[in-house]
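2 protein chains.
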Amino acid sequence: MSDAAASAGRRGRSARRERRKAGPGGLSTPYITRGIPVFEVLSDEGAEKIEAQTDRILAEIGIEFREAPEVLKLWKDAGADVDGERVRFPKGMLQELIKTAPSQFTQHARNPARNVEIGGKNLVLAPVYGPPFVTDLDQGRRYGTIEDFRNFVKLAYLSPWLHHSGGTVCEPVDLPVNKRHFDMVYSHIKYSDKPFMGSVTAPERAEDSVKMAQITFGEDFVDQNCVMIQLINANSPLVFDATMLGALQVYAKHNQACIVSPFILAGAMSPVTVAGTLSQVLAEALAGCALTQLIRPGAPVVFGAFVSSISMQSGAPTFGSPEGSLLLNGAAKLARRHGLPFRSGGSFTASKLPDAQAAQESAQTITATVQSGVNFALHSAGWLEGGLCSSYEKFVMDSDQLGMMHVLAKGIDISDEAMAMDALQEVGPGGHFLGAAHTQRNFESAFYRSAIADNNSYEQWLADGELDAAKRANSLWKEQLRAYSGPELDPAIDEALLTFIAERKASFPDSNV
Amino acid sequence: MSDAAASAGRRGRSARRERRKAGPGGLSTPYITRGIPVFEVLSDEGAEKIEAQTDRILAEIGIEFREAPEVLKLWKDAGADVDGERVRFPKGMLQELIKTAPSQFTQHARNPARNVEIGGKNLVLAPVYGPPFVTDLDQGRRYGTIEDFRNFVKLAYLSPWLHHSGGTVCEPVDLPVNKRHFDMVYSHIKYSDKPFMGSVTAPERAEDSVKMAQITFGEDFVDQNCVMIQLINANSPLVFDATMLGALQVYAKHNQACIVSPFILAGAMSPVTVAGTLSQVLAEALAGCALTQLIRPGAPVVFGAFVSSISMQSGAPTFGSPEGSLLLNGAAKLARRHGLPFRSGGSFTASKLPDAQAAQESAQTITATVQSGVNFALHSAGWLEGGLCSSYEKFVMDSDQLGMMHVLAKGIDISDEAMAMDALQEVGPGGHFLGAAHTQRNFESAFYRSAIADNNSYEQWLADGELDAAKRANSLWKEQLRAYSGPELDPAIDEALLTFIAERKASFPDSNV
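Chains as they are written, first to last, in my numbering: chain A, 1 to 513; chain B, 1 to 513.
Chain A extracted, bound-state conformation:
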């Protein structure tokens, strides 16, 4: 069956069993495998036109690799035209290089039941990445701390709908810039057993991240398997800077996955049109992805695209815009045509509150994410204020919506049990299905249960205190943190990690640059 058909009888008792054996929140599979087709708004003709323009961009305009002489040497040796820091690529060169990259790979978690498959029909959902601020309804907006960081790691661990612990769930601004990566990576390993991301803010911090992974997984294992995935942004338009290139080289060398992501707000960092922007996205992604293969052929790499638009009136970034959805959808098709896993999307918004704007914009982006065939989605939960702020309330609201996305991605079950002919025969015209045998067999797993939506009557809602969704979310995340109980971590590994961190921290002075 081409639909996501559960075999007859899978629902009911066996579904309950599946939920029981699952981890926190009842997760039975550690990632989404889409049962619905990919939605494509870009025609093949459109994709070909864009690819032809990308070839011209790469050959005529080229890309700059700044303050990275070793990268320029790699390009030169590979046959590119290197002019200062500008590199131009003969037609087809990058497409040839990326052929050694896997179209799908496993990122291992320290709990193997939580390994994720990145690529193909799979979608891995990870939390927000990068905000310096955090906010909640009680304390309002303030700089993030390591306590906030740990809280978001715990909330991601507890969510049955997040498959990944992510990376910089917020910036722990209370720790020195040059040492906070130790506490961040340690928090992911300690407070969660889901897969995670390493530091990219300096080559030595990338090496520290790899070392901590080696302590956790074993050196040989890390060399042969992907245990970390990293976000490497292009400095769009058409530039890669020294910091990102430094991290990329460390991770590719160690066989760890890079997500090479043009970071584009169309109209400012790319042309003001979807098609023009897509041709630039493809050029940047191809160049960065190909570079990983020059460093270590076969290293896992993901075609990334952080794409939205700006307000042409104020210049402010906008999110959840229809143009953003079209960009995401088009870029996904380009990645598929190049045989690479694709990262994009999330639950974006420019709103400062977990209000209707936040929900509407996030719903638009996460739906586009699921339908367009994204394989890895950062920012799936908690993103607020254009990515400047991690919101506790929005984290659990987004997570709830991710649960709905799991159902949507399954598609329509057309098994005999789902056809429910016996219910129709039993009930007949004018009857009621609540008491039907088929309903009794299936009601428990029938419909997604939202943790936040209030579907009660107006009168009941009044009696419950007239709460809006944000206030209900406020209770929910506090309840979850109170109930948090972490996964086991081998005490020997824990001690080795803490010893490594203490020694490394003591070996150089704190700094905030």
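Mixed in with the good hints, there may be bad ones.
With the C-beta cut set under 8 angstroms, the calculated list includes, among others, these residues of chain B facing chain A [said to hold, decoys possible]:
id, residue
1, 64
2, 312
3, 438
4, 456
No lab work stands behind these hints, which were simulated from the structure alone.
Glycine is no exception: its CB is placed at the ideal position from the N, C-alpha and C atoms.
Take the given structure of chain A and dock chain B to it, following the hints.
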């Protein structure tokens, strides 16, 4: 070009010209014609399995047509098996009957520039239908009045993104039940020039609606053209009641469009599964649509499906659920396979406030509406509280999102101007596109401008009063009503309508049944 390609140069100056010549709010086309493909989550195999089950439902279980002997006679004469009020249909009978129904038709507006095409690649967006209550942030929730009714007609008229004036935008509870249809139909004709809907609550009220349309459009014109579209709900499961059948007969006889809509909350009025529900939806829709063709072959009719689910814990209706999106999407495919225009979707929510829940649920349903290939969408703006309440704030919030849906539905422009190669060449690596000639040529029409989203910095947002989206929407609808200026109505027609209404109202006593 298979993408929605504007020819080079269409943007910029000509786009500005288009906006100027358009009606209120800059609408340049009176409905959406999709440039994106339809998204189908149901496979052909799944559709065939559902259709086979529908044949069995129709032949073995049948459908009841209650207190409508003339309908039973029609079915008997047509060869159906009539047993009391239960009618069973030989395989293929209904499919044969609906072949006389048009796959696409024009609903005429009194302003011909606002005529809508219902069917094919077109989508017509209409406001909320049916709520007894209205609410706004200032006055809170209360029963609707004719003043509220007029206000919503005005807001729909002013929205560039609503193509239709709708029907019962709220119930004017201050008017007697048996006479309020006069004021409702008159308000649509007087305060808007967009197409509208007639009354279905009794056959004589349907006749009154037709008479008012005849005064407005001319008797012959009405007989030969669709000028009204009506909502005929099935009393699911598998029942049509006398009220709806009475209205259906009046409108079909007068060549006016019926939307035959199973009204289904899955789990209560249909099986607890998507596939089972779809087989029932198809049975009910086919029966109702075929009946219109028995009455007047060739009369316009729309395959409708109001579908959502219930909470299996509380029994309360739920909206914006993933199961609702799958139902909508599957039903759209079934309608297409039967060559009928399709009505479904809107901006649904169970929330009692224009909050994050409302926005998230509405975003999910309206996106499914646009992508699934819906041709006519009631409830596109203003729906709150499971349809019990029309919200002023949500009306303008939804309308804003409909604007985004217009952009999404266009797809990706791959014209040479949209490819923007000159911008990429002009700017180059590390540059900025804001000042590029291509950006200057295109910025004005480049991105959708939300009337409600706040994309400003946190600091600016603080300075602006820390408003959430609902509060900004509150200012917006009040501004719009203040600025409302209605369309011209021929004074002779206006007088004839008022005279007809006065005479009819005087001819029978007020009643609230």
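Hints, one by one, checked against the model:
{"no.": "1", "hint": "64", "result": "4 angstroms, holds"}
{"no.": "2", "hint": "312", "result": "4 angstroms, holds"}
{"no.": "3", "hint": "438", "result": "6 angstroms, holds"}
{"no.": "4", "hint": "456", "result": "6 angstroms, holds"}
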